[in-house]
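Chain residues, written in single-letter form:
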Amino acid sequence: MTSEAVPAGSQSIRETARSRDVSPWRRLLLRPEVGALLGAIIVWVVFAVLAWDRGFVSARGVATYLEVAAQLGILAVAVALLMIAGEFDLSVGSIIGAGSVIAALIPTQLGINFWWGIVTALVFSLLIGFVNGVVVVRTALPSFIVTLASLFIIRGITIGTTRLVTGRTQVGGLQNVPGFESAATIFAYDIPLFGAAFPVSIIWWIVVAAISTWVLLRTQLGNWIFAVGGNPVAARMVGVPVRRVKILLFMNTALAAWLVAMIEITSARSADVLRGEQREFYAIIAAVIGGVLLTGGYGTVIGAVLGALIYGMVRQGVVFAGIDADWVAAVLGAMLLAAVLVNRYVRQRALGARE
Amino acid sequence: MSDSTTAPVMNGHAGSERVLDVPKGTRLLALENASKYFGSVIALEDVSMDLKAGEVHALLGDNGAGKSTLIKILSGVYQPDEGRYLVGDEEVHFNSPRDALARGIATVYQDLAMIPLMGISRNFFLGQEPEKGWGPFKRFDLQTANAITREELHKMGIEIRDPEHAVGTLSGGERQSVAIARAVYFGANVLILDEPTAALGVKEAAVVLKYIAQARARNLGVVFITHNVHHAYPIADRFTILNRGRSYGTFEKNDVSREQVVQMMAGGEDLERLGNELEEFARLDAEKHARLTPVAAETDVSMMQMGRELENEGDRVSG
Ligand SMILES: Nc1ncnc2c1ncn2[C@@H]1O[C@H](COP(=O)(O)OP(=O)(O)OP(=O)(O)O)[C@@H](O)[C@H]1O
Ligand SMILES: [Mg+2]
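Residue numbers (the numbering used here), protein chains in the order written: chain C, 1 to 355; chain L, 1001 to 1319.
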């Protein structure tokens, strides 16, 4: 007793009269990151015109804006994954501050190897991410509020503790601690290329983005991330471990914050309690410019990468163009608004093949 | 009747062509004198029902009658405060929908069936993603997922151009059908459908009803909740009618007329008043009928057609 609605082996797939051909070009336009790609091209053209002969298009210019983009991009990629899963993390900036101070205080105060500080900071960051995640899924409070609280708590404790221990809010002299050389090679090496120095953080950014996009698009976990953000109740019904996915992604943003912190303190050779301030907002802006939906369930890693690239080009572009850097915030804000409008349109088209 | 035949566990790729291998009419599950209270609210009191292999069991009742509460007990969301829940011959205490799913009891909720912004095949395999590769390189085998999804939907007469298109581009009826296909594919023996045809037009509802008939032909048990007698009557084999948390009992289709079902749904004590109202409606209808004959005729035809198609479907699938 078997059913055979069609003869076995029938390969002919009859298309309904209702669906019509969508050109590859149109399909491309429907991708979530297409707005960010256009934005990146426009921004590049604008600054190329404004600062062509002032070095924006030179190898040195490219290296500077890629460095800025990389440090934000590592964060933005992780934040994008979390946002696709429907949550925010406003505490990443404060984790950068706390992580850098922890990693710097341990070797300088205790006179031990730098790597002890680095590993302690890693454990601390993952712990904060874990706590953020657990509190969010247990209380069902908006992660916006929970991580806003973490932001202030962590920042406050970081400043207070650092001042208690050192009497200042900065920790310097990292280049003199044992283990600094190896750490700096891994996190802050400069790759000479085309007569400019390209920091290794760009490689980190590419690696983080490549792994993240692979996980998101090609693994079971990635499918779960979309589902958790798209409709957590429906996801739970079919057996997706919603809470575990969210906690994991909070730990992932904290991990990204740690990586950024290590890159920053090894290149600056010092730590500052205020490091990473406001970075949470720029990371969210980059993700949103890249097409990630604020309500979750939709977005790409590539989009967040492009969002960070735009940020880097704007931030450094104004410097090359000789414009006062005060204008950067206004430009980014305007781009954010434009991106949200474009993305809403794209999403409606994606869902509205039924035009 | 051994437990393993009545309640096999979900076994991954069961395939939609699977036929439940127990004699038709075998009892799959039963509620005995179940009650459920929410504080002072009596959601269900002393309700009994059972479900057999190869039947569609319609659960009818007005708003607040307790239909959703009953199926939430069946699907493991709630536990009954009183009474027993049997799967096969064994009393069970489910703590979550996962437990019910593991016993082959799958529930499809109208609004929770699918995630609109995700692709069709990603939805179809959500939670049961086929994987290939090794260790950290294990990946979601999207090609296989796409091929199976396309194939399974093709079998139910839904043609999709691209399995990676967002589910939001499907119609409500198609979405519901995909959800049902998924439950069957992953080995459900019992399908519980909470208002699958609510908010669907006649044609859309017919698509869903057709698929319910297919599931029945494969000897699955289907619990089908609806407000709409006209959707339930053509397809159901038995009716259990709830009113204010209590059951009027279970009726074979042969023993009750459509009108009697409507009357019981509305509540016995109001029968007389309802009877008068119905007469009044009938009179008004007759007046309207004079004006709207073409439309009415068309609707009748499509309902009759639906009934016929359902029968054919059943014959074809089981034959
Ligand atoms: N979680 C709950 N807490 C309190 N009361 C509840 C709860 N769930 C249901 N009820 C009450 O139990 C009664 C039965 O509700 P139920 O949802 O089962 O009805 P229903 O037959 O599904 O109605 P509808 O056709 O409107 O969906 C209603 O009076 C409802 O208010
Ligand atoms: Mg209900």
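Hint data in this document are derived by calculation from the structure and do not stem from the laboratory. From the three backbone atoms N, C-alpha and C, an ideal C-beta is built for every residue, glycine too. Check the hints yourself; a few may be wrong.
[Said to hold, decoys possible] Selected chain C positions facing chain L (in silico; Cβ < 10 Å):
1) L38
2) P178
3) F180
4) L217
5) G222
6) N223
7) A227
8) G230
9) A234
10) R236
11) L294
12) Y298
13) V331
14) A338
15) Y345
16) R347
[Unchecked claim] Which chain L residues stay away from chain C? Per the calculated CB distances, all over 10 Å, these:
17) S1048
18) E1131
19) R1244
20) V1256
Here is how each hint holds up against the structure:
1. L38: Hint violated; C/L38 Cβ to chain L Cβ min 22 Å, cut 10 Å.
2. P178: violated (33 Å)
3. F180: With a minimum Cβ separation of about 31 Å from chain L (threshold 10 Å), the hint on C/F180 is violated.
4. L217: With Cβ-Cβ at 8 Å, under 10 Å, it holds.
5. G222: holds (7 Å)
6. N223: Given a least distance of 5 Å, the restraint on C/N223 holds.
7. A227: At about 5 Å, which falls below the 10 Å cut-off, the nearest Cβ of chain L leaves the hint on C/A227 intact, so it holds.
8. G230: holds (4 Å)
9. A234: The hint holds - C/A234 has a Cβ within 10 Å of chain L, the shortest such distance being about 4 Å.
10. R236: holds (8 Å)
11. L294: At 13 Å from the nearest chain L Cβ, C/L294 fails the 10 Å test, so the hint is violated.
12. Y298: holds (5 Å)
13. V331: violated (30 Å)
14. A338: violated (22 Å)
15. Y345: violated (15 Å)
16. R347: holds (8 Å)
17. S1048: Consistent with the label, L/S1048 stays out of reach of chain C, its closest Cβ about 27 Å off (over 10 Å).
18. E1131: The assertion about L/E1131 is violated, with a minimum of 6 Å to chain C.
19. R1244: Since the minimum Cβ distance to chain C is about 28 Å, L/R1244 lies beyond 10 Å and the statement holds.
20. V1256: holds (30 Å)
Of the numbered hints stated above, those contradicted by the structure are hints 1, 2, 3, 11, 13, 14, 15 and 18, listed in ascending order.
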